[in-house]
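**Q** For reference, the chains in residue letters:
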Amino acid sequence: MRFEYFQMIDRVVALDVAGRVVRCRSGVPQQSTVFEGHFPTYPLMPGALLLECMAQTTGWLVMALSGFTTMPFLIGVRDAKFRTAVFPGDELEFEGSIVHEGSGFTVGECKGRRQGKAVCEAQITYRVMAFPSPEFRQAILQWAEQIGVPVKEFIK
Amino acid sequence: MSATFDKVADIIAETCDIPRENIKPESHAINDLEIDSLDFLDIAFAIDKTFGIKLPLEQWTQEVNDGKATTDQYFVLKNLSDEIDKLIAAKGA
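First to last, the sequence lines map onto chains B and S.
Under this note's numbering, the first residue of the first sequence is numbered 1, with each subsequent residue one higher.
Under this note's numbering, the first residue of the second sequence is numbered 1, with each subsequent residue one higher.
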């Protein structure tokens with residue numbers, strides 16, 4: 001994870017478009033200015049950032065479903081739960097899936113685990129729109145490749 | 001009132017916390033009930049799930065933006081219910 005760039009996923013380890021499932025891996029950094037405030041002397045991964053991890057995990061799946069022709073923007077969260085404290089250095093796995101593909105929106109789910117044990121979960125709604133610009137899309141494709149998405153397999 | 005309208009009205013009442021008695025077949029979802037686009041996506045999600053369809057919101061929006069349709073055609077609830085019935089019929093055809 002790179003908090004300062006909002007790059008919350010280190011690696012997409014499996015992306016199954018037909019099965020509507022994505023699995024990602026990410027490590028909480030040992031050091032971050034975020035931990036200076038959250039909290040002094042007791043560094044703790046903020047739930048808001050765990051939520052972003054989940055949104056990005058399922059977001060990669062949503063993009064792959066459209067062949068990276070559209071971008072999912074977070075517009076709603078339901079039933080978010082943060083089950084246990086997450087600390088610097090923790091290695092997390094996230095598994096995202098699709099609940100519903102609507103017209104112009106997608107509803108997904110995501111669960112986070114640490115060593116197999118549930119850490120967090122949420123139902124996430126995205127508005128799905130065309131990329132605002134070709135440059136934006138290119139940057140996203142580049143980012144996807146950096147974290148292991150086999151972009152060429154999905155691209156339309 | 002149709003069974004479809006009743007289900008749609010129940011969904012809107014629950015999703016948007018609008019008293020059920022205020023939701024009528026001639027109500028316009030946006031102009032009368034003041035449902036915003038974000039809440040309407042929640043309603044669309046519930047409608048899609050309940051009826052096993054996919055409301056073509058993007059197509060409707062495009063038609064309205066292009067001047068080929070009015071919002072009344074899709075967002076007055078009796079018309080929305082008719083559109084849902086058509087989608088259900090098309091699914092079974």
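Treat the hints as calculated values from the structure; they're not laboratory data.
Predicted model, so just to flag it, every value in this text is computed and none were measured.
Note that the Cβ used here is the ideal one computed from N, Cα and C, for glycine as well.
There could be a bad hint or two in this list.
What the hints assert, rightly or not - A few chain B residues facing chain S, derived, Cβ under 8 Å:
#, residue
1, Ala-18
2, Ser-97
3, Ile-98
4, His-100
5, Ser-103
6, Phe-105
7, Val-107
Said to hold, decoys possible - From the derived model, a few chain S residues whose C-beta atoms are all more than 10 Å from chain B:
#, residue
8, Asn-31
9, Ile-35
10, Lys-68
11, Thr-70
12, Lys-86
Unchecked claim - In the DMTMM-like style, the derived pairs of lysine to aspartate or glutamate whose C-alpha atoms are separated by at most 25 Å in a straight line are:
#, chain 1, residue 1, chain 2, residue 2
13, B, Lys-117, B, Glu-93
14, B, Lys-156, S, Asp-85
15, S, Lys-49, B, Glu-93
16, B, Lys-117, B, Glu-153
**Q** Hint by hint, note whether the structure agrees.
**A** Each hint tested on the structure:
no.: 1; hint: Ala-18; in the structure: violated, 19 Å
no.: 2; hint: Ser-97; in the structure: violated, 16 Å
no.: 3; hint: Ile-98; in the structure: violated, 12 Å
no.: 4; hint: His-100; in the structure: holds, 6 Å
no.: 5; hint: Ser-103; in the structure: holds, 4 Å
no.: 6; hint: Phe-105; in the structure: holds, 5 Å
no.: 7; hint: Val-107; in the structure: holds, 6 Å
no.: 8; hint: Asn-31; in the structure: holds, 21 Å
no.: 9; hint: Ile-35; in the structure: holds, 15 Å
no.: 10; hint: Lys-68; in the structure: holds, 17 Å
no.: 11; hint: Thr-70; in the structure: holds, 19 Å
no.: 12; hint: Lys-86; in the structure: holds, 15 Å
no.: 13; hint: B:Lys-117 / B:Glu-93; in the structure: holds, 10 Å
no.: 14; hint: B:Lys-156 / S:Asp-85; in the structure: violated, 34 Å
no.: 15; hint: S:Lys-49 / B:Glu-93; in the structure: violated, 29 Å
no.: 16; hint: B:Lys-117 / B:Glu-153; in the structure: violated, 32 Å
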